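In order, the protein sequence lines correspond to chains A, B and C. Taking numbering that gives the first Met the number 0, the leading residue of the first sequence gets 0, the next gets one more, and so forth. Taking numbering that gives the first Met the number 0, the leading residue of the second sequence gets 0, the next gets one more, and so forth. Taking numbering that gives the first Met the number 0, the leading residue of the third sequence gets 0, the next gets one more, and so forth.
In short, the hints are calculated from the structure, not lab data. All values derive from a computational prediction rather than experimental measurement. Cβ atoms here follow ideal geometry from the backbone N, Cα and C, with glycine treated the same way. Hints are not guaranteed to be accurate.
Distance condition first, Cα-Cα at most 25 Å in a straight line; then the derived PhoX-like pairs of lysine-lysine [claimed, not checked]:
{"id": "1", "chain 1": "A", "residue 1": "K11", "chain 2": "C", "residue 2": "K107"}
{"id": "2", "chain 1": "B", "residue 1": "K299", "chain 2": "C", "residue 2": "K107"}
{"id": "3", "chain 1": "A", "residue 1": "K69", "chain 2": "C", "residue 2": "K189"}
{"id": "4", "chain 1": "C", "residue 1": "K193", "chain 2": "A", "residue 2": "K112"}
{"id": "5", "chain 1": "C", "residue 1": "K193", "chain 2": "A", "residue 2": "K69"}
{"id": "6", "chain 1": "A", "residue 1": "K112", "chain 2": "C", "residue 2": "K122"}
{"id": "7", "chain 1": "B", "residue 1": "K295", "chain 2": "C", "residue 2": "K193"}
{"id": "8", "chain 1": "A", "residue 1": "K112", "chain 2": "A", "residue 2": "K180"}
{"id": "9", "chain 1": "A", "residue 1": "K114", "chain 2": "C", "residue 2": "K122"}
{"id": "10", "chain 1": "A", "residue 1": "K118", "chain 2": "A", "residue 2": "K69"}
{"id": "11", "chain 1": "B", "residue 1": "K291", "chain 2": "C", "residue 2": "K122"}
{"id": "12", "chain 1": "B", "residue 1": "K299", "chain 2": "C", "residue 2": "K189"}
{"id": "13", "chain 1": "C", "residue 1": "K122", "chain 2": "B", "residue 2": "K295"}
Here are the in silico distance ranges between beta carbons for each label pair [as the list claims (entries may be wrong)]:
{"id": "14", "chain 1": "A", "residue 1": "E174", "chain 2": "B", "residue 2": "P205", "range": "57 to 63 Å"}
{"id": "15", "chain 1": "C", "residue 1": "F79", "chain 2": "B", "residue 2": "L101", "range": "37 to 43 Å"}
{"id": "16", "chain 1": "C", "residue 1": "G18", "chain 2": "B", "residue 2": "F207", "range": "29 to 35 Å"}
{"id": "17", "chain 1": "B", "residue 1": "S266", "chain 2": "C", "residue 2": "L9", "range": "36 to 42 Å"}
{"id": "18", "chain 1": "C", "residue 1": "S2", "chain 2": "B", "residue 2": "M218", "range": "49 to 55 Å"}
{"id": "19", "chain 1": "C", "residue 1": "L192", "chain 2": "A", "residue 2": "L129", "range": "19 to 25 Å"}
{"id": "20", "chain 1": "C", "residue 1": "L52", "chain 2": "B", "residue 2": "F263", "range": "50 to 56 Å"}
{"id": "21", "chain 1": "B", "residue 1": "F207", "chain 2": "A", "residue 2": "D53", "range": "53 to 59 Å"}
{"id": "22", "chain 1": "B", "residue 1": "F263", "chain 2": "A", "residue 2": "L129", "range": "55 to 61 Å"}
{"id": "23", "chain 1": "A", "residue 1": "Q132", "chain 2": "C", "residue 2": "L192", "range": "22 to 28 Å"}
{"id": "24", "chain 1": "B", "residue 1": "V148", "chain 2": "C", "residue 2": "F79", "range": "39 to 45 Å"}
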Amino acid sequence: MSHLALNRVSKKFGARKILDDISFEMKRGETLVVFGPSGVGKTTLLRAISGIMDPDEGDVLLNGRSVMDKGPETRGVAMAFQNFALYPHMTATENIASPLRSRGVSESEIQSKVKEVAKLLRIDHVLSHLPRQLSNGQKQRTSLARSLVHNPEVLLLDDPLRNVDAKVRYEMRLELPRLFKRFQTTVIYVTQDYKEAMALGDRCGVLLDGRFQQLDTPAQVYRHPKDTRVANLFGDPPINLVPTRPSKMPDGSLHTNLAGHEMAMPDARHEWAGRDCLIGLRPEHIALHATPQPGAMQVELEAVTPFSVRNVMLLRAPDGTEILASTPEDHPLHNARGQQRVWASIDMKRALVFDRQTGASLLAA
Amino acid sequence: MEHVLLAPPRRKVNRQVWLPYLLSLPALLTCIGILVPFVTAVIYSLQRYNLSFPDARAFIWFGNYLDFLTEDAFWNTVRISLLYAVLTVGVQLLLGLGIALLLQRRSKVNNAMSVLLIMPLMVAPAIASLMWKLMTNPNFGVLNYLLTVMGIHDFGWASSPNTALFTVVLVDTWVYTPFIIILLLAGLRALPRQPFEAAELDGVPPTFIFFRITLPMLMPYILTASLFRMLDSIQQFDIIYSMTQGGPGDTLTVFQVQAYLQAFSFSNIGKSAALVMILWAITYALSTVFIKQWLKLRAKARGAA
Amino acid sequence: MNSTVVFKGLRGLALIAVGLFFLFPILWVVLMSFMTNADILRSPPSPFFAPTLDNYRGLISGNLDSGTGALTTDYMHNLFNSFVLSAASVIISLLLGVPAAYAFARFKFRLGEDMAFTLLSFKFAPPILVLLPLQLYFQDIGLYDTYFGLIWVYQLITMPLILWIVRGYFEDISPDIEAAFRLDGHSWVKSFLKIAVPLAGPGIAAAGLLAFIFAWNNFVFALILGSSSVQPVTVGALAFITASGIQYGVIAAALVLSVLPTLALALYAQKYLVEGLSLGAVKG
Numbered sequence: 000m001s002h003l004a005l006n007r008v009s010k011k012f013g014a015r016k017i018l019d020d021i022s023f024e025m026k027r028g029e030t031l032v033v034f035g036p037s038g039v040g041k042t043t044l045l046r047a048i049s050g051i052m053d054p055d056e057g058d059v060l061l062n063g064r065s066v067m068d069k070g071p072e073t074r075g076v077a078m079a080f081q082n083f084a085l086y087p088h089m090t091a092t093e094n095i096a097s098p099l100r101s102r103g104v105s106e107s108e109i110q111s112k113v114k115e116v117a118k119l120l121r122i123d124h125v126l127s128h129l130p131r132q133l134s135n136g137q138k139q140r141t142s143l144a145r146s147l148v149h150n151p152e153v154l155l156l157d158d159p160l161r162n163v164d165a166k167v168r169y170e171m172r173l174e175l176p177r178l179f180k181r182f183q184t185t186v187i188y189v190t191q192d193y194k195e196a197m198a199l200g201d202r203c204g205v206l207l208d209g210r211f212q213q214l215d216t217p218a219q220v221y222r223h224p225k226d227t228r229v230a231n232l233f234g235d236p237p238i239n240l241v242p243t244r245p246s247k248m249p250d251g252s253l254h255t256n257l258a259g260h261e262m263a264m265p266d267a268r269h270e271w272a273g274r275d276c277l278i279g280l281r282p283e284h285i286a287l288h289a290t291p292q293p294g295a296m297q298v299e300l301e302a303v304t305p306f307s308v309r310n311v312m313l314l315r316a317p318d319g320t321e322i323l324a325s326t327p328e329d330h331p332l333h334n335a336r337g338q339q340r341v342w343a344s345i346d347m348k349r350a351l352v353f354d355r356q357t358g359a360s361l362l363a364a
Numbered sequence: 000m001e002h003v004l005l006a007p008p009r010r011k012v013n014r015q016v017w018l019p020y021l022l023s024l025p026a027l028l029t030c031i032g033i034l035v036p037f038v039t040a041v042i043y044s045l046q047r048y049n050l051s052f053p054d055a056r057a058f059i060w061f062g063n064y065l066d067f068l069t070e071d072a073f074w075n076t077v078r079i080s081l082l083y084a085v086l087t088v089g090v091q092l093l094l095g096l097g098i099a100l101l102l103q104r105r106s107k108v109n110n111a112m113s114v115l116l117i118m119p120l121m122v123a124p125a126i127a128s129l130m131w132k133l134m135t136n137p138n139f140g141v142l143n144y145l146l147t148v149m150g151i152h153d154f155g156w157a158s159s160p161n162t163a164l165f166t167v168v169l170v171d172t173w174v175y176t177p178f179i180i181i182l183l184l185a186g187l188r189a190l191p192r193q194p195f196e197a198a199e200l201d202g203v204p205p206t207f208i209f210f211r212i213t214l215p216m217l218m219p220y221i222l223t224a225s226l227f228r229m230l231d232s233i234q235q236f237d238i239i240y241s242m243t244q245g246g247p248g249d250t251l252t253v254f255q256v257q258a259y260l261q262a263f264s265f266s267n268i269g270k271s272a273a274l275v276m277i278l279w280a281i282t283y284a285l286s287t288v289f290i291k292q293w294l295k296l297r298a299k300a301r302g303a304a
Numbered sequence: 000m001n002s003t004v005v006f007k008g009l010r011g012l013a014l015i016a017v018g019l020f021f022l023f024p025i026l027w028v029v030l031m032s033f034m035t036n037a038d039i040l041r042s043p044p045s046p047f048f049a050p051t052l053d054n055y056r057g058l059i060s061g062n063l064d065s066g067t068g069a070l071t072t073d074y075m076h077n078l079f080n081s082f083v084l085s086a087a088s089v090i091i092s093l094l095l096g097v098p099a100a101y102a103f104a105r106f107k108f109r110l111g112e113d114m115a116f117t118l119l120s121f122k123f124a125p126p127i128l129v130l131l132p133l134q135l136y137f138q139d140i141g142l143y144d145t146y147f148g149l150i151w152v153y154q155l156i157t158m159p160l161i162l163w164i165v166r167g168y169f170e171d172i173s174p175d176i177e178a179a180f181r182l183d184g185h186s187w188v189k190s191f192l193k194i195a196v197p198l199a200g201p202g203i204a205a206a207g208l209l210a211f212i213f214a215w216n217n218f219v220f221a222l223i224l225g226s227s228s229v230q231p232v233t234v235g236a237l238a239f240i241t242a243s244g245i246q247y248g249v250i251a252a253a254l255v256l257s258v259l260p261t262l263a264l265a266l267y268a269q270k271y272l273v274e275g276l277s278l279g280a281v282k283g
């Protein structure tokens, strides 16, 4: 039996259907990342599950039983908000103790439990502070402590690392999976950052147009995106989408003119011939060389931008198309500036193919 | 991994639909408490109704209103009320704006002054009238003495038809200018700094800054303050009644004072109700304009916040 | 440099003139309240005199010494009435109005918007419109000249004020905070009492303060719907001043006593007052 399940949940705001017939199941202890651009309805989904908001239609089930007749205070679902939502007039201790107070836990047990979870989240030294005296990182941990202290069945996290600085974000990305495992909570984690999705999720659901366009392990979403939008969102720098029309060669294989460069397409299917396609090339799958290589495309290297531990290179293909390539920090060309002729090896085996009209992946089984 | 778990979804029923209605019951009762007498007043205004002649009570529909059209006393009331409203709002606006500009910079003196200036507003207008009555008493009033020193003798203040209006306008100004000061001061302090800094850098003369930058930006606050005060002034009762009960003669028989006299001195309920209805029509029109303006101002302040 | 000095001087003069105009009347009446009749009638009037407490003593005890003999007064009863009417009205308005304001703020329901509009538009309506019929009704049902009747009618002054100001403060509380509290397992009643009300505290205080002052300063309601037993100081003072034989110093003392509470409140809580008075120019 599933732990948490949604059955055909829908919600309209005015004319717009924010949640459109969403259904999914989760096992106990699973972490599901809900991923999507801002405004797409991720927070709405969390509100519907937690009971803060009632959907127009559909059911939310916990352990197989519907919880729709229960208000947020009795569902057993905890939520950590993006803006922390700490009670400004209460100390951190009181904030964290709040879920225990509503359950009539004894005072001594409250104190020990609060201390325990505060230690776990390393905020035990600021427990007597008011929220306005805490840093954003500490506020986020307090918010998390509050949602974990009573061992909830389900934990909903609304982009908790969004308002937190980069260093803390990096630390939390390592800590959170350990916390989830320790408390064995079923977690839904909302984020716009695909790297978080890849780091934290057992599964990742890409929310677009009110539905999960793809619900799969993060690795699968990355390697086999269902359509161009998913491919675009799940990658940084974004995937290169090059329009092209493959043609059949006399020997039966497919070739295509890729941005002005003739390329063979191994592993291609013959039904793609003559079809308007978009070839998806992830920047990290383009290798750059200073000297000509067999099969490599001749491009103009126009600009180099450092990008954390990698470099993003702006290339101009023979037909003028702009292509982004991502290379390691210490790549020989990383000091190159301005116009320079280089050669790009494109691994067509890892290229993605989409239909130009619909954007749907043509690689789907 | 999507599959249908149960039967198709069912429509949810909104929990606690009744809660907001229960909570707002007192507000609802207050509304009723206003509307019932209101309707009664409308009915009275359409009747010939005098408590001294209870048998003659009957519906004469718009008779009261039509009678007003040819009645000198009515037009006197209209004239005095409008004059009072225009004078008070005009004077208070100018005075209030000037003082607000004087106090706009935050300093110990200015802040202390702002606090002290609230005091007249906290005095009941009826009591304020009595205070000024004491100060203008012909026998011992300190103001009379000061006037005598300046060469003006026998200034009538509220007892003389020539100076009665001046006197009550003075009291009204004393009480209500602080309100305008508070509002305009809040407005001045909420204005963005950039236009003024830019103007200073460009060497723009102060008069230009005032008329072309400050004033236009302050306009919403000025309009709000004026409308609010105008609504208040045209129905002023406390100050005038306390001072002279409408006298001397009929010099100060503004709408509400006249209505009061009609109802409680002459027992003419029908006529009194009709008079207040006319006043209500005026204030309703004005308040609709005011509410729209105030909501706009609030939205703007919210957006900036 | 010279023009700045002149400018500063002018500014200073203007400030003094303004201060004088607005504060002099209050100061003078206070002075008068400590003067004997002889001092008051002396010409030219002088701020230097030997103060006396006789005026206040007379007022408080109820026994006045007039030129023509002894008089009794019940002015202290008027003061008491003012307290009772204002305090009771505000307390009732707060108890009923704060939850109502919460409902208006948190729940968007159509009747609520209609009610808000009615209350607001009648806030500016002439009082006599409502008071005239009410007086006739009250006489019929025996509520004329009673605390009960007057306190309920005072709600027409205090309730809309509290609803309007407090609703704005509730609206300013992030709904997420209350949602988080509900998710912690607390009912909406707890959320209202432990989160909404404390966080809106300053607004509730400001509204209550303003409502008290407005109720205290009210004149026409008590004039029309009340008589000697429930008369507040605003009406009582007028009767006092028109009564014959009362010494001017005593009148001044009566006026001082009638404005003392509101002035003291205003000084003590001026921050709250200015916030509430600014008509929501900032908060609404």
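Structure-based check of each hint:
1. A:K11 with C:K107: holds (17 Å)
2. B:K299 with C:K107: Given that 25 Å is the threshold and the Cα spacing comes to 21 Å, the pair holds.
3. A:K69 with C:K189: OK: K69 of chain A and K189 of chain C at ~17 Å, within 25 Å.
4. C:K193 with A:K112: It holds: about 22 Å lies between the C-alpha atoms, which stays within 25 Å.
5. C:K193 with A:K69: Answer holds: K193 of chain C to K69 of chain A is near 21 Å, not above 25 Å.
6. A:K112 with C:K122: The given pair, whose Cα atoms are some 53 Å apart, is violated under the 25 Å limit.
7. B:K295 with C:K193: violated (33 Å)
8. A:K112 with A:K180: At roughly 18 Å apart (the allowed maximum being 25 Å), K180 of chain A and K112 of chain A satisfy the hint.
9. A:K114 with C:K122: violated (53 Å)
10. A:K118 with A:K69: violated (33 Å)
11. B:K291 with C:K122: holds (15 Å)
12. B:K299 with C:K189: Status violated; Cα separation ~34 Å.
13. C:K122 with B:K295: holds (19 Å)
14. A:E174 with B:P205: 57 to 63 Å: This hint holds: roughly 60 Å between Cβ atoms.
15. C:F79 with B:L101: 37 to 43 Å: holds (41 Å)
16. C:G18 with B:F207: 29 to 35 Å: holds (30 Å)
17. B:S266 with C:L9: 36 to 42 Å: violated (57 Å)
18. C:S2 with B:M218: 49 to 55 Å: Given a distance of about 30 Å, which is not inside 49 to 55 Å, the answer is violated.
19. C:L192 with A:L129: 19 to 25 Å: holds (20 Å)
20. C:L52 with B:F263: 50 to 56 Å: violated (38 Å)
21. B:F207 with A:D53: 53 to 59 Å: holds (57 Å)
22. B:F263 with A:L129: 55 to 61 Å: holds (58 Å)
23. A:Q132 with C:L192: 22 to 28 Å: holds (25 Å)
24. B:V148 with C:F79: 39 to 45 Å: holds (42 Å)
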